[in-house]
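Undergrad: Hey, can you work out the whole structure from these sequences and the hints?
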Amino acid sequence: MSDPFIVFHRRSPKPPVGPVGDSDIYRKPWYASACDRKTADDALFRLNKDGAFMVRKSSGHDAQQPYTLVVFYNGRVYNIPIRYIPSIQQYALGREKKGEEHFSSVSHIIENHQRNPLVLIDSQSNAKDAAKLCYPVKP
233 MSDPFIVFHR RSPKPPVGPV GDSDIYRKPW YASACDRKTA DDALFRLNKD
283 GAFMVRKSSG HDAQQPYTLV VFYNGRVYNI PIRYIPSIQQ YALGREKKGE
333 EHFSSVSHII ENHQRNPLVL IDSQSNAKDA AKLCYPVKP
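Residue numbers (the working numbering): 233 to 371.
Among the clues, some could well be false.
[Said to hold, decoys possible] Calculated pairs, DSSO-like style, for lysine-lysine (alpha carbon to alpha carbon, straight line, at most 27 Å): (1) K270 <-> K289; (2) K330 <-> K360; (3) K281 <-> K360; (4) K364 <-> K329; (5) K289 <-> K260; (6) K370 <-> K289; (7) K370 <-> K260; (8) K364 <-> K330; (9) K360 <-> K289; (10) K270 <-> K281.
Think of the hints as simulated: they come from the structure by calculation, not from any bench.
Keep in mind the model is a prediction, meaning the values are calculated, not measured.
TA: As structure tokens, then:
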């Protein structure tokens with residue numbers, strides 16, 4: 233005899249991983265969609281909190297760099313490319329480097345760096361800082 237209170241649910245298939253398939257990103261409080269760089273920078277400067285961040289679509293409309301992670305730290309805004317690597321269907325941050333971390337989705341990048349500091353590199357001086365992603369922002 234079966235228990236009348238047990239209900240079985242089928243899980244819907246996960247969308248394919250990739251720039252088009254990272255569908256949960258649109259519901260996230262940190263996703264700013266087609267926000268341009270200036271609007272993103274202005275929103276983070278207005279909040280003025282270390283660890284404030286958002287993800288926006290990259291202005292180049294390049295499938296290999298579909299998004300940009302924008303982070304405020306120490307009075308500066310960092311725009312970090314989020315790359316998609318089709319050969320392994322994974323994402324990575326910044327320029328390609330040996331031993332870089334790969335993630336199955338943009339959401340996993342954000343979750344990881346809410347727990348673990350993200351290395352921020354000044355493009356002019358190459359000075360390094362580290363910050364956790366703390367305050368999601370929408371413009």
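Undergrad: None of the hints should be skipped; say for each whether it holds.
TA: Hints, one by one, checked against the model:
| no. | hint | result |
| --- | --- | --- |
| 1 | K270 <-> K289 | 13 Å, holds |
| 2 | K330 <-> K360 | 18 Å, holds |
| 3 | K281 <-> K360 | 18 Å, holds |
| 4 | K364 <-> K329 | 21 Å, holds |
| 5 | K289 <-> K260 | 13 Å, holds |
| 6 | K370 <-> K289 | 13 Å, holds |
| 7 | K370 <-> K260 | 10 Å, holds |
| 8 | K364 <-> K330 | 22 Å, holds |
| 9 | K360 <-> K289 | 25 Å, holds |
| 10 | K270 <-> K281 | 17 Å, holds |
The structure shown violates none of the earlier numbered hints.
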